[in-house]
Amino acid sequence: MRNKEFYTPTGELEVWKYYRDGRQELHFSDTNQIVSGMGVALAHLFAASGSDKAYDYQIRWFQVGTNGTTPTIATSQLGSALDTVNTYGSTGDLLVSSLSQIINGSVVNNEAFAKISDNNIQRVSKNAVRYTLFLGANNANGLTDYIDEIGLFAHNIRKLATPAPILVAYKYFSRIEKTSDFALVFKWTITF
Amino acid sequence: MRGYVEVYRDYGTPQQELIESSHNLIVDRGGEMICDLMTLPLQGSGISSASSIYDASNYTIQAVSFGKAASGYFYNAHGTDLIAASGLSNGKIHALALSSITVSSFTPALFLPDDPDPLDTKLAYIPSGALVGITGSGVSAISEYGQNVNLLQYGTLTFGGVLFRAYIRAGSWPRATGTDVRLSYLNSVNNEVLIASATANAGFNETSSMDWRGFVRTTSSTNSASGLVVSSTNSFSSTGEIIYQVKIASGDALVANHYGGITQMGLWGMDIKSMLAAGRTPPYNFHPYTNVLDYRLFSKKTFNKNIVAINDSGGAAGMLNYSDLTIIWRIFFL
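Same order as they appear, the protein sequences are chains L and U. With the first letter of the first sequence counted as 1, position 179 gets the number 171 in our numbering; the numbers rise by one all the way through. Converting from the second sequence to our numbering requires adding 106 to each position, the first position being numbered 1.
Incorrect hints may appear among the rest.
Here are the simulated BS3-like cross-link-like pairs (lysine-lysine), alpha carbons at most 25 Å apart as the crow flies [to be verified]:
(1) Lys45/L - Lys151/L
(2) Lys9/L - Lys179/L
(3) Lys198/U - Lys118/L
(4) Lys118/L - Lys45/L
(5) Lys45/L - Lys379/U
(6) Lys118/L - Lys9/L
Please keep in mind that the hints were generated in silico from the structure rather than gathered at the bench.
Build the full structure now, drawing on both the sequences and the hints.
The structure is reproduced here in structure tokens:
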């Protein structure tokens, strides 16, 4: 049973490789770290001190990176996120945008984010939402480092002209050398 | 996320007294409300007629309510006998002691609530068969939400004027025009001896901030007598602390005590999915006696004592000596 006095969202991440020949391989599975950005987002929502639009608090973006570390509750950015739209490569179905980002309370410009569309957000129970994130076979190939971290971001809690996502959940995982042989599928379930 | 509740008597005055402080429980339905927000499809956000669905306020705390243990809804002014308080006497809220008494404070039959559970969806689970004899329209709200309803004020306005006695038994808050409250006992020849009487002046109904089901709305005012005030502190950026503050006026406390006291409270958000399914589209506005908003329990506080209990103090009759209570409910998101 959950602690009666404290309430903390939790999350679980599965990282799958989907090969062109149809094989599917579970690469990694573990719980994640919900970071303080989740609290910041919810606090802005409930205090009515941020955006007045519900969609600005939704988890709508993700980043992957190449310098994963053990996170803390205060983690506010990836160790080394793919920093340009082009780094994500030939986009296919993946929509990547250059936006601002809230990092430790400050707004930093020109960060690359991959979009999470309606189709990739599923309610799997009354209290849980699954985000299914794709890096296609043609995305994020040829990197000089291995992919080993990922983060989820709430859209634009301050309702800035250029959306400034904030990191709400983070996970580092065993490294992957991304090639065009497979797509990466991240199945990330957050329980609120 | 965590919560903390403080109850003060005479808050903000030199006589301020902290009478209760402890943690609350965030229930699972609070998480459901956040899930509703997180899964709201973006498709449609550009349609002007649907834009109100995307108001962030639809997914936040919108009300507070008060209640007691399920058993408490059988007794005191809810009850059918005249041993304790009875709403059946002269249209007044009437406390009648068994034998000669010398104090002027009413001590209701008190039942402690069940332990709060994360799966709770209401303040109290009133067993089937409770409230026998109370059949007025709207009385079902007591068991639907498990809380003190406001049918003394709005029963007749909302459902018609033929069920006045039922609405007295349903309770539980004084009318805007005031509600007479009496305390007496039966002497040896079964005549009633009046000990004390008072007119309880309303707080919630004076400001029309409570609907007929007992939900006190949020207010943009900074005056906690006019509803549930939401604010943040200077430490907001480091604690994510949000303060929900509401005042129970002295007259409200007096009448609530005759109905068995207050041992539970809840913070409620709106259940927008339920309302949309019922064909009720936003924007959603509060109205005290035509309110059709559906609420969903977000957080619950169970006390181990009646926070509106009072005793005589020296020569001061307790029943005539109520003070305002101020509830400060802090939710920390960081």
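Practice item. For the pair we were handed, Lys118/L and Lys45/L, check the Cα-Cα distance against 25 Å. Key: holds (22 Å)
Point to revise | 25 Å limit on alpha-carbon distance, applied to hinted pair Lys9/L and Lys179/L | key: OK: Lys9/L and Lys179/L at ~11 Å, within 25 Å.
Review point. Would the pair Lys45/L and Lys379/U pass a check requiring their Cα atoms to be no farther apart than 25 Å?
Key: OK: Lys45/L and Lys379/U at ~17 Å, within 25 Å.
Point to revise | Satisfaction of hint between Lys9/L and Lys118/L, Cα-Cα up to 25 Å | key: Violated: Lys118/L and Lys9/L sit about 28 Å apart, past 25 Å.
Review point. Is the straight-line distance between the alpha-carbon of Lys45/L and that of Lys151/L 25 Å or less?
Key: Within the cut-off at roughly 8 Å; holds.
**Study point:** Hint consistency between Lys198/U and Lys118/L [alpha-carbon to alpha-carbon, up to 25 Å]
**Key:** violated (45 Å)
Hint compliance for this structure: hints 3, 6 are broken, all remaining hints hold.
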